[in-house]
Amino acid sequence: MMTLKVNGREHQVDADPDTPLLYVLRDDIKLNAAKFGCGLGQCGSCAVIVDGKAILSCITPMVLLEGKQVTTLEGLGSVSEPAPIQRAFIEEQAAQCGYCIPGMMMRAQALLLKNSKPTDAEIRAALEQHLCRCGTHMRILRAVRRAARLMEAADASSTTNRSAQ
Amino acid sequence: MNAPLILDRRRVLAGGGALIVSFSLTSAFAQDQAPAATPPSKPPGSLAATAYLDSWIRIDADGSITVFTGKAELGQGFRTAFQQIAAEELDLPFESLKVITADTKLTANEGYTAGSRSMQDSGTAIQNAAAQVRELLVAEAAKRLDLPAENLRTENGAVISPDGRRLSYGELVAADMLHVQAQPKSRLKDPATLKVMGQPVRRVDIPAKVTGGGVYVQDMRLPGMVHARVVRPPSYGAQLTECDSSAVEKLAGVVKVVRDGNFLAVVAEKEFQSIKAMNALSSAAKWKESASLPKQDDLLNVLMHLPSQDSTIFQRSDPSVSRGKTIEAIYTRPYQLHGSVGPSCAVAQLVDDAMTVWTHTQGVYPDRQAIAEMLRVPPASVRLIHVEGSGCYGHNGADDAAADAALIARALPGRPVRVQWMREQEHAWEPFGPAMVTKLKASLDSNGKIADWHFDVWSNTHSMRPGGAGSMLAAQHMAQPFAVPAPRPLPLPEGGGDRNAIPIYTFPNAQVVHHFIPAMPLRISALRALGAYHNVFSIESFMDELAGLADADPVEFRLKHLEDQRGRAVIEKAALGFEWKSGQKAPQDRGFGFAFARYKNLAAYCAVASEVEVNRETGRPRLVRAVAAVDSGQVVNPDGLINQIEGAIVQSMSWTLYESVTFDDTRITSIDWQTYPILRFDAVPESIEVHIIDRPGQPFLGSGETGQGPTAASIANAIANATGKRLRNLPLTRKRIKEAIDA
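As you go down the protein sequences, you meet chains A and B in turn.
First residue of the first sequence? That's 1 in UniProt numbering, and the numbers climb one at a time after it.
First residue of the second sequence? That's 1 in UniProt numbering, and the numbers climb one at a time after it.
Careful, some of the hints might be misleading.
[To be verified] Below, in silico cross-link-like pairs of lysine-lysine (BS3-like), each with a Cα-Cα straight-line distance of 25 Å or less:
1) Lys30(A) - Lys270(B)
2) Lys573(B) - Lys30(A)
3) Lys725(B) - Lys735(B)
4) Lys270(B) - Lys68(A)
5) Lys325(B) - Lys295(B)
6) Lys573(B) - Lys585(B)
7) Lys288(B) - Lys270(B)
8) Lys270(B) - Lys5(A)
9) Lys325(B) - Lys449(B)
10) Lys117(A) - Lys5(A)
11) Lys68(A) - Lys53(A)
12) Lys5(A) - Lys30(A)
[Said to hold, decoys possible] Ranges of calculated distance between the beta carbons of each label pair, as one might list FRET restraints:
13) Met1(A) - Ile100(B): 38 to 46 Å
14) Glu91(A) - Ile100(B): 25 to 33 Å
15) Lys286(B) - Gly67(A): 19 to 27 Å
16) Lys286(B) - Glu128(A): 37 to 45 Å
17) Thr193(B) - Ile59(A): 27 to 35 Å
18) Ala121(A) - Gln480(B): 35 to 43 Å
19) Gly67(A) - Gln480(B): 50 to 58 Å
20) Arg620(B) - Ile59(A): 48 to 56 Å
[To be verified] Computed footprint of chain B on chain A; a stretch qualifies when at least three of its residues, placed anywhere within it, have a C-beta under 8 Å from a C-beta of chain B:
21) 29–42
22) 79–86
It should be emphasised that the hints constitute simulated quantities derived from the structure, not laboratory data.
All C-beta atoms in this analysis are idealised placements derived from N, C-alpha and C, irrespective of residue type, glycine included.
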């Protein structure tokens, strides 16, 4: 039995320590966003954020995550209260089948947390490990740029709110 | 396509004695291009085969309205488009509708979701059904209000009289009112008055997809569900000679090992337990393999020397035209992958002899037929429900995974079984897009126009989709196996290997020969655009070679041979958007390319202009920008159409520059993204522009596949323009470009 912190909540997980995080998230904690794409660390569909960095959950054994904060796409927002990155992907209609998109979004979220105004080259470099087969790349790039603007606007308004108080 | 199957629900309803109401329609806006003198005898689209209106639209007494389609949402976004169409014709708010997709218990049998036909088959059916349902509701209201129907209008889900009395659809609908057969013609909305159709309505499926909603079959979790993995043979035809599974059965969580001949699978309580057990079972299994694969680097000769059935599919002759300069060329395409990012998956459950399979198949009815045959049970005892999977782009492992799940679930009655293919399994076992060879020869007349044209194409069939159990791996591998059905060429005018082999251009002399190859050394089936990808690549590359021979601008040269006015408009639009100019010169190390096709010569038109940069040191090509124009008939959702064309350009670019299945004499060796590389973000273009030519009131032409061929040829033409070297063997890899530059 191991304790895993996912999206701000602690979960008691009964799985072998070598179980990759992906299966713990999907099978034990019943989350959907992190996807099985290759199990080989080649496609990015399973990306989640651990302590602020995007990692590939399909090749990360659970035992390495003791005491760390895991964030999945579900932890960012919901249909009724979407996070800026989620709003951006909806507003840009940046999906076809959408299977690769959660992984892309987590990678982009990790990038934007570190670098609020990434250049196009920096966005492409961050997403380089991620595959999309529908060819939605142009929209994904636009959505990440839009997310950067939305996050900046959200930061600005929360700063204004704080200073007003 | 298979013989139509009997719909369970239809049979039940027909037995109840259908009320057939006929109603006349005047001044109908027909979506049919047939001359007015010969009115169609059947209603349009899929209504022709499934005529009852309540197969498409259901209105409940509480006013809730449901639209049914037999097509499967594969990420194309048509669920949203269909909802727009129904909302428009029924005068309902877009949000008030619900769309149910392919399910053998609930929806019409619309065969496969394939061939860019969803809009024209199902979209047309829903549009006409909705319009006719609206007419019935108005007629009922007229009766109740004792007013002429012409005086009534519909708005927001109700029929409204001139004095403001309002009868909601829910109030108006009676038991069997919609159980009537559709009329051949409908009173469709005047295209000038459309409110919902033609708008870039946001897709209804995207919010759940970007928030971790349970959208995909991979996300299903049924009570008591177990996880299965299949151990596939290491190569085609391999025989399982030995498998002591006793140690595997003792592993933690293992529920069962299922063996039936060469079909081997393991079931566990938890997902990662099933993977560990699969690995152990794989080690325990001993196989006898045989070297049966052809030489990968000699596909040209392999294909041209296999026995073929040859047919001349087009001939035109005018001996009076003189022939001058002549050129010929051979173009090849390798086997290529669908390469879904999410490997195939299915869930099946056997309860009281009734098998239910949740699957991302493209054809719930044909797949049900195949699974029933495999299980040797009546089709009525099997239900298939489509649930979205990862994008498929044709016949990938979806149907095989559904068969796997059904076979395993039969061995565990009552328990839902989820089968997830591994990455290596999808890469090695999906049916590939077939390899192809084309040989072209043409002459110019003294005016620099094409005087004669010869086109030969060698190809397998382009569909081995189920219908028969033998199309599915599980059925092939069972102890009492089902034989792979004999392949058949797909009939023209849509065609398979010969799809788009007949030129759309007008040449005074032309001959097109299809060499259909029945033998299939590698497992193949339908990949997006079928033969059109390679045939358009060949024709449009060769048009540029001939334009060069005639010393003509490629765009002008095409227009000089094209009579089709809509085709000309698309070419002109793309050229304008690209700022294509005759005699233009691309910047250093860059080239401009152009290509055009009308998909299947009867569906959407698409032209693509491109700019490609070639690194002369390494040979590495990069698509810098692409400008496309598309005419897909009346547009329902312009952003959805743009998304499809953008995606087609990016995917086709990946096929064209990077992709080929690899194999040795026994095994497929391209088994992951390392060994089968596809496009990554560093190679994504700087910009893609899509210009739409809308044709209000014209039939829907679909758009999913129209961009594949033109993109390939446009890129090849741009590479030739940049390097002065013509590459005719797909993919146009860095290595091949470098060798051509150095030659």
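Consistency of the hints with the structure:
1. Lys30(A) - Lys270(B): Since the Cα atoms of lysine 30(A) and lysine 270(B) sit roughly 12 Å apart, the hinted pair holds (cutoff 25 Å).
2. Lys573(B) - Lys30(A): 50 Å, violated
3. Lys725(B) - Lys735(B): Holds: lysine 725(B) and lysine 735(B) sit about 13 Å apart, inside 25 Å.
4. Lys270(B) - Lys68(A): This hinted pair holds, its Cα atoms lying about 24 Å apart.
5. Lys325(B) - Lys295(B): Roughly 36 Å separates the two Cα atoms, so the pair is violated.
6. Lys573(B) - Lys585(B): 20 Å, holds
7. Lys288(B) - Lys270(B): 31 Å, violated
8. Lys270(B) - Lys5(A): 21 Å, holds
9. Lys325(B) - Lys449(B): It holds: about 11 Å lies between the C-alpha atoms, which stays within 25 Å.
10. Lys117(A) - Lys5(A): Roughly 29 Å separates the two Cα atoms, so the pair is violated.
11. Lys68(A) - Lys53(A): 11 Å, holds
12. Lys5(A) - Lys30(A): OK: lysine 5(A) and lysine 30(A) at ~14 Å, within 25 Å.
13. Met1(A) - Ile100(B): 38 to 46 Å: Hint holds: Cβ distance 43 Å, inside 38 to 46 Å.
14. Glu91(A) - Ile100(B): 25 to 33 Å: Given range 25 to 33 Å: holds, Cβ gap about 28 Å.
15. Lys286(B) - Gly67(A): 19 to 27 Å: At roughly 45 Å between Cβ atoms, glycine 67(A) and lysine 286(B) fall outside 19 to 27 Å, so the hint is violated.
16. Lys286(B) - Glu128(A): 37 to 45 Å: Given about 41 Å between the Cβ atoms, the range holds.
17. Thr193(B) - Ile59(A): 27 to 35 Å: 56 Å, violated
18. Ala121(A) - Gln480(B): 35 to 43 Å: 58 Å, violated
19. Gly67(A) - Gln480(B): 50 to 58 Å: 55 Å, holds
20. Arg620(B) - Ile59(A): 48 to 56 Å: 29 Å, violated
21. 29–42: The restraint on the region 29–42 of chain A holds, since 11 of its residues have a Cβ under 8 Å from chain B and three suffice.
22. 79–86: holds (count 3)
In the structure shown, a violation is registered for the earlier hints numbered 2, 5, 7, 10, 15, 17, 18 and 20, in ascending order.
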